[in-house]
Amino acid sequence: MREQLLISEGARRFKRLGAFFGHSLLTGVASSSIIAILFIFYFIMRDALPFFRIEGVKEFFSSAHWYPSREDAEFGALAIFVGSGLVTLGASIVAVPLGVLAAVCLSDILPFSVRQVAKPVIEMLAAIPSVVYGFFALAVFAPLLQTKGGSVLAIGAWIVLAPLALVSIAVASDVVASRSPVRARAAARVVAAALMGSAAVFALIALGGFLSRLPVSTGTNAFNVSVILGIMALPTIVSVSEDSLNAVGRELREGSYALGATRAETLLKVVIPAAGSGILAAVILGVMRAVGETMVVWMASGNAARIPSPWFNLLEPVRTLTATIAGDMGEADQVTGSARYHVLFAMALCLLAFAFVMNVVSEYAVRRSRRKGR
Amino acid sequence: MKRIGNALGMTALAAVLCLVFAATPSFTQGNKIVVDGSTTVGPIAKAFAEYFMAKNPGVNITVSESGSGNGAKSLINGTCDVASMSRFMKDEEFKAAVAKGVLPVGVVVAIDGLAIVVHPSSPVQGLTIAQIRDIYTGKITNWKQVGGPNVAIVVISRDTNSGTYESFETLVMNKQKIADKAEYVGSSGAIRARVQSTPAAIGYVGLGFVDKTIKAIKVDGVAPDNATVTSGEYPVARPLFMFTNGVPKMGSKLYSFLNLFLTQKGQQIVEEIGFVPVTKY
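Heads up: the protein sequence lines correspond to chains A and B, in order.
The first sequence: position 31 = 74 (this note's numbering), numbered continuously.
The second sequence: position 144 = 145 (this note's numbering), numbered continuously.
The hints are simulated quantities; they were obtained by calculation from the structure and are not laboratory data.
Note that this is a predicted model, so its numbers are computed, not measured.
Errors might be hidden in some of the hints.
[As the list claims (entries may be wrong)] Below, simulated DSS-like cross-link-like pairs (lysine-lysine); rule was C-alpha separation at most 30 Å, straight line:
no. : chain 1 : residue 1 : chain 2 : residue 2
1   : B       : 182       : A       : 101
2   : B       : 250       : B       : 176
3   : B       : 47        : A       : 101
4   : B       : 182       : A       : 191
5   : A       : 191       : B       : 145
6   : B       : 91        : B       : 101
7   : B       : 250       : A       : 101
8   : B       : 91        : B       : 182
9   : B       : 145       : B       : 96
10  : B       : 101       : B       : 219
11  : A       : 191       : B       : 101
12  : B       : 250       : B       : 140
13  : B       : 176       : B       : 96
14  : B       : 254       : B       : 101
15  : B       : 91        : B       : 56
16  : B       : 254       : B       : 266
17  : B       : 266       : B       : 213
18  : B       : 140       : B       : 96
19  : B       : 182       : B       : 56
20  : B       : 33        : B       : 219
21  : B       : 33        : B       : 213
22  : B       : 101       : B       : 145
23  : A       : 101       : B       : 176
24  : B       : 140       : B       : 101
25  : B       : 33        : B       : 178
26  : A       : 191       : B       : 216
27  : B       : 176       : A       : 191
[Stated by the list, open to error] What the simulated footprint calls covered on chain B by chain A, stretch by stretch (three residues with Cβ under 8 Å from a Cβ of chain A suffice, anywhere in the stretch; the number is not a length):
no. : stretch
28  : 191-197
29  : 247-261
Even glycine gets a Cβ: it sits at the ideal position worked out from N, Cα and C.
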């Protein structure tokens with residue numbers, strides 16, 4: 044005891060120095076990602092703002108003429124914004140219904156043993172490098188679309204819309220049943236379900252027939268990329284939504300069953316609303332994956348800087364912000380280029396601003412869900 | 002917590018000390034050659050490097066293909082010894098180089114014909130330069146306008162970042178804008194992949210990338226091959242360059258690597274991978 048107290052002044056100082064270093068190191072590690080974000084914002088701003096100073100703001104956002112490499116360069120990025128938006132929209136149409144439904148199935152409908160196998164497998168989709176997806180999109184999916192384009196579209200429509208139709212019919216017939224007199228409830232449910240079911244099947248067959256007659260002139264188009272990006276966004280959406288559905292807890296479900304609700308009612312009126320913010324966060328994360336993806340769109344979207352006509356025509360090639368940045372960066376370097384170099388940073392700034400807004404929204408949603416949970 | 006902090010602090014101090022000692026420079030010079038630049042010249046540079054390294058054990062040559070512009074940039078920034086380029090250096094690049102004390106010297110290592118390629122099933126045998134230009138500007142949109150079947154033409158171009166694009170723009174487009182519906186792909190291999198899977202497609206690649214899966218059509222009535230390219234009959238052809246910072250010291254490894262194209266073996270290599278040698282041997 045006595046010996047331990049007899050520490051020389053020098054040793055103590057050395058020890059204190061060590062502690063100081065250790066603490067600052069840990070603080071540095073903890074705040075490194077924040078510092079990185081600040082640096083990213085600073086450097087992108089620094090290189091983006093000169094573009095607006097040289098070329099102005101109007102052309103960039105309002106013109107669709109993208110000829111950055113000519114001597115009389117034009118920097119209209121409207122078509123590129125539309126391309127990014129269209130691809131993101133397409134990917135969400137593919138991934139959001141499928142992903143949320145898959146999450147609901149995994150958490151509440153399928154047996155636990157299936158979930159134990161299926162979830163890791165779905166999450167493995169996220170581990171495949173994007174260049175592999177891109178190669179698949181370019182070398183397999185694009186030729187398939189060209190030769191069997193219409194039927195691929197029809198099958199895709201069935202895969203995405205059939206489960207969605209199933210769920211909405213279940214909900215709708217539930218609503219119809221609850222509004223009809225008690226005695227006729229079972230009958231009303233069956234009739235409503237049958238009517239809507241056949242209507243949906245007819246609609247799907249008609250839609251399938253229409254889609255399978257559509258000519259697909261080029262396989263590298265917005266549709267191709269939307270499907271691939273949708274698949275890439277799936278694991279995020281499934282995994283995060285499933286987690287939030289699980290977090291709802293047994294008590295709420297059992298309470299609902301105790302009040303006499305069926306499994307469908309429990310799911311639709313208790314579990315999904317309770318996990319709503321978590322699902323929203325999952326969707327936003329998935330959409331961000333689609334917006335930010337570069338390799339796949341660069342390889343398989345066709346990269347034509349033109350607004351499709353009509354604007355929602357997914358069968359035409361599009362060019363996205365990320366692909367433009369990746370594809371044009373080499374030639375448009377700091378040494379030689381001026382506006383051509385800075386325009387890419389202006390695009391990056393737009394992407395960053397969008398990502399920032401989306402992240403704030405999802406953060407807000409998650410926080411609100413936590414408060415509600417308490 | 003405090004103890005962890007202490008331990009970490011000690012480790013950090015030790016690490017800093019180690020770094021200071023390790024930072025003492027130890028360069029190995031002369032036996033490393035870095036080539037960067039055009040994806041078109043890339044195969045030539047790679048084949049040269051393979052041959053050269055087999056002949057000169059101990060020499061290490063790395064070849065990157067990041068585009069002519071990037072090659073010039075690397076040479077200017079001093080991060081490569083040889084910039085392989087499928088176009089000549091631009092004014093601005095020369096200015097930037099001289100400003101940084103780099104004096105680019107270029108040699109023509111091979112000649113490349115740009116083949117205009119279509120799907121093998123296409124009945125179209127040849128086009129004029131004007132027709133090709135009209136297809137790319139969007140004036141001609143259907144194959145039936147140039148003697149093909151009644152389908153819309155899928156126009157495919159290399160990305161504006163590539164030397165191939167710039168050569169096509171100079172050799173064919175004559176300062177006219179490529180239509181906004183044209184698709185852009187990131188490599189000559191990707192053009193081949195798109196054309197061989199798309200019956201209505203038209204694209205352009207270096208002669209070295211033409212194989213049985215795609216068809217190179219006649220331009221102004223001349224089919225692209227070694228004879229027509231060297232004789233100047235075939236109109237869509239261009240020289241391929243390698244740029245260095247000044248003329249490399251005679252007798253150095255870089256000097257003999259750079260002049261490999263003058264040897265008979267070098268010319269054979271150029272021909273084997275589908276380009277046209279500068280001289281007849």
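Verification of the hints:
Between the alpha carbons of residue 182/B and residue 101/A the distance comes to roughly 23 Å, so the proposed pair stays at or under 30 Å and holds. Proposed proximity of residue 250/B and residue 176/B is contradicted: the alpha carbons are some 40 Å apart, above 30 Å. Restraint check for residue 47/B and residue 101/A: not satisfied, since their Cα atoms lie roughly 46 Å apart, outside the 30 Å limit. Taking the CA atoms of residue 182/B and residue 191/A, the gap is about 22 Å. The hint holds against a cut of 30 Å.
As the CA atoms of residue 191/A and residue 145/B are separated by approximately 23 Å, the hinted pair is consistent with the 30 Å bound. This hinted pair checks out: residue 91/B and residue 101/B have alpha carbons roughly 15 Å apart, not beyond 30 Å. Proposed proximity of residue 250/B and residue 101/A is contradicted: the alpha carbons are some 53 Å apart, above 30 Å. At roughly 28 Å between alpha-carbon atoms, residue 91/B and residue 182/B fall within 30 Å of each other, so this suggested pair holds.
A C-alpha spacing of about 48 Å is found between residue 145/B and residue 96/B, which places the hinted pair above 30 Å, so the restraint is violated. Restraint check for residue 101/B and residue 219/B: not satisfied, since their Cα atoms lie roughly 44 Å apart, outside the 30 Å limit. Distance hint between residue 191/A and residue 101/B is unfulfilled; the C-alpha atoms sit about 55 Å from each other, more than 30 Å. Straight-line distance between C-alpha atoms of residue 250/B and residue 140/B comes to about 52 Å, which puts the hinted pair past the 30 Å bound.
A distance of roughly 24 Å separates the Cα atoms of residue 176/B and residue 96/B; the hinted pair therefore holds under the 30 Å criterion. Pair hint residue 254/B plus residue 101/B holds up; C-alpha atoms about 24 Å apart against a cutoff of 30 Å. Of the supplied pair hints, the one linking residue 91/B and residue 56/B is violated, its CA atoms being roughly 35 Å apart against a limit of 30 Å. Straight-line distance between C-alpha atoms of residue 254/B and residue 266/B comes to about 17 Å, which keeps the hinted pair within the 30 Å bound.
For the hint linking residue 266/B to residue 213/B, the alpha-carbon distance of about 26 Å falls within 30 Å, and the restraint holds. A distance of roughly 38 Å separates the Cα atoms of residue 140/B and residue 96/B; the hinted pair therefore is violated under the 30 Å criterion. Restraint check for residue 182/B and residue 56/B: not satisfied, since their Cα atoms lie roughly 49 Å apart, outside the 30 Å limit. Using a Cα cut-off of 30 Å, the hinted pair residue 33/B and residue 219/B is violated, with the two alpha carbons roughly 43 Å apart.
Between residue 33/B and residue 213/B the alpha-carbon distance is near 37 Å, which puts this suggested pair outside the 30 Å criterion. Under the criterion of a C-alpha separation no larger than 30 Å, the hint pairing residue 101/B with residue 145/B is inconsistent with the structure, at around 53 Å. Among the hinted pairs, residue 101/A with residue 176/B is consistent with the structure: their alpha-carbon atoms are about 26 Å apart, no more than 30 Å. Taking the CA atoms of residue 140/B and residue 101/B, the gap is about 44 Å. The hint is violated against a cut of 30 Å.
Under the criterion of a C-alpha separation no larger than 30 Å, the hint pairing residue 33/B with residue 178/B is inconsistent with the structure, at around 42 Å. As the CA atoms of residue 191/A and residue 216/B are separated by approximately 23 Å, the hinted pair is consistent with the 30 Å bound. For the hint linking residue 176/B to residue 191/A, the alpha-carbon distance of about 38 Å lies beyond 30 Å, and the restraint is violated. Check result for the stretch 191-197 of chain B against chain A: holds, 3 residues qualifying (beta carbon to beta carbon below 8 Å, three or more required).
Restraint check on the stretch 247-261 of chain B versus chain A: 0 residues with Cβ-Cβ distances below 8 Å, three needed, restraint violated.
Hints 2, 3, 7, 9, 10, 11, 12, 15, 18, 19, 20, 21, 22, 24, 25, 27 and 29, counting from the list given before, are not met by this structure.
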